[in-house]
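Those protein sequence lines, which keep their order, are chains A and B. My numbering puts the last residue of the first sequence at 188; the count rises by one with no breaks. My numbering puts the last residue of the second sequence at 309; the count rises by one with no breaks.
FYI, nobody ran anything at the bench for these hints, they're computed from the structure. Treat the hints loosely; a few may be bogus.
Stated by the list, open to error - Here chain A is said to cover these stretches of chain B; the calculated rule only asks that three of the stretch's residues, wherever they fall, bring their Cβ under 8 angstroms from a Cβ of chain A:
| id | stretch |
| --- | --- |
| 1 | 12-21 |
| 2 | 24-30 |
| 3 | 44-56 |
| 4 | 131-144 |
What the hints assert, rightly or not - A few chain A positions that, by computed beta-carbon distances, are all more than 12 angstroms from chain B:
| id | residue |
| --- | --- |
| 5 | A31 |
| 6 | L101 |
| 7 | L171 |
Positions of the beta carbon are idealized from the N, C-alpha and C atoms, including for glycine.
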Amino acid sequence: MVAENSTPHLHSAVEPKQTFRRALDRVARTAMPSLFIVFSAILLSAPFGIPGQAQLQFGIAMCTVWFWTFSRPRSMPALAVFLCGLVVEIFSFGPPGTVLLSLLVIYGVAHHWRYGLSRLGFIAGWLIFSVFAALASFFQWALVCLHALALLSPVPGLFQAALTIGIYPSLTALFVWGRRTFANPDQA
Amino acid sequence: MLSIHARQVLAKAVLPLLILLAVGLVLLGLVRRPAVDGVRLMATDFMAPAYHGLVWPQERVKVWLTDLRGATDLARENARLRDENRALRHWYDVAVALAAENGRLKKSLHWIPETVPQYVTGRVTRDDGGPYSRAVLLDVGSGHDVRVGDVALDAAGLLGRVTEVGPHTVRVLMINDDASRIPVTLGSSHGDAIMAGDDTASPRLIFYPQDHHPVEGERVETRGQSTMPAGLPVGTVHYSAPNRPVVVPDADLDRLDIVRVFDYGDDDSQAPDAPGRVRVKKQPQNPLTGPLPFSWLPSLSDMSGRGGQ
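When you get a sec, could you build the whole thing from the sequences and use the hints?
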């Protein structure tokens, strides 16, 4: 998976004129994945009463960071991951720092292996992501246990891991479409 | 401008630096959790109006659905309500008679009236549990006087206690949270127990007397202790498994809407100072007024005091 039209400078002669509106459009398209994480974190913190809202916050952030880091790292720099993680931390009430740390770790893995991951098929990428999603959920559970000084039920953590792994294909479909259209800075 | 080499080094150092910051946040959460929760509460306080706006369409749809369901089944609903009204009428008469009797008994006992608790009513802004805890945030408006430890009730029974207080929002730790421990009294067996939350719908009963096991179906009420008043309805005992009594809460913990937070105050329930902390008055060294060596005999001053009454 390689980003389409990733070398626009080769066609600089036919590029439209740089205007403020175009620059703004470009920035918005580049920041689309981060904005997606921020808006879904805020939206899912509202009291809709949907089961698994808190777990979805974590799942959406993990899937988004993973996909965009290996498919278009320009749209997901480390600082953006950090800021998105902070927003998710503020709008959730889990053990502090775990979501942020999980996002940064998964960013590091995806960024380090991005060439390999781009060559791999969807299923293989999904499997690797599943391992890290499960590890992140386990880490969160271990920290909660440490904080409570008791062995809590691991079922919520397993549910969170399953939800994160489960929503990945549908989010990938959305992101693959978005990478070509609304989140493609080259189309600005 | 930085050289290419310096920029490469900087780019490589960013991620480890950010990870270090994240680890710092994790440690801060373990050591100073209230500081982090305070920031989260401020953010929720700021977002409270937006949450109302977001949930408004959902609430409207729910109201329409309830109306629609009611309209399709009017006859049966009417019959049910009439029956329920009749039963309630009976209970109203019983309650009035009991209240009158209670008043008479209290009057004859010269009962000191209990202070009326202050309360504020708030709407649940957001379910604030996350995967591992059960808590809600209430929007109680500005100028409230809610304190940490106040008791939250819904229309049916005890819901939890206030753990964090913000300018407009308070956080209530629910009774089924893993960190919640509430002293309770059992209605018919009169045993004391601790109700411990375990993140399931029904909290467990622990530390009950081994010779007085809780009875299936008996009422559970709070036991008076510091800011927690006695006699608040909590729920009923149910055995989910042999030797595993749980409390089925009266409060509807899954669908909370309007919640009241009561401040029962803790000024009047303070125990008097322990004798060791009271300054001992120096007694005059007079053998006649001092205590007699036979302490079980009534002293002279006691006898004269009794005679005077």
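Evaluated hints:
Against chain A, the stretch 12-21 of chain B contributes 5 residues with a C-beta closer than 8 angstroms to a partner C-beta. That satisfies the three-residue criterion, and the hint holds. By the rule of at least three residues with a Cβ nearer than 8 angstroms to a Cβ of chain A, the coverage given for the stretch 24-30 of chain B holds, with 7 such residues. Note: the stretch 44-56 of chain B has 6 residues with beta-carbon separation from chain A under 8 angstroms; the three-residue rule is met and the coverage holds. Only when three residues or more bring their CB closer than 8 angstroms to a CB of chain A does the claim for the stretch 131-144 of chain B stand; here the count is 4, and the claim holds.
Look at A31 (chain A): its CB is around 18 angstroms from the nearest CB on chain B, clear of 12 angstroms, so calling it non-interface holds up. The Cβ of L101 (chain A) sits about 4 angstroms from the closest Cβ of chain B, inside the 12 angstroms cut-off, so the non-interface label is violated. For L171 (chain A), the requirement that its beta carbon stay farther than 12 angstroms from each beta carbon of chain B is met, with the minimum near 20 angstroms.
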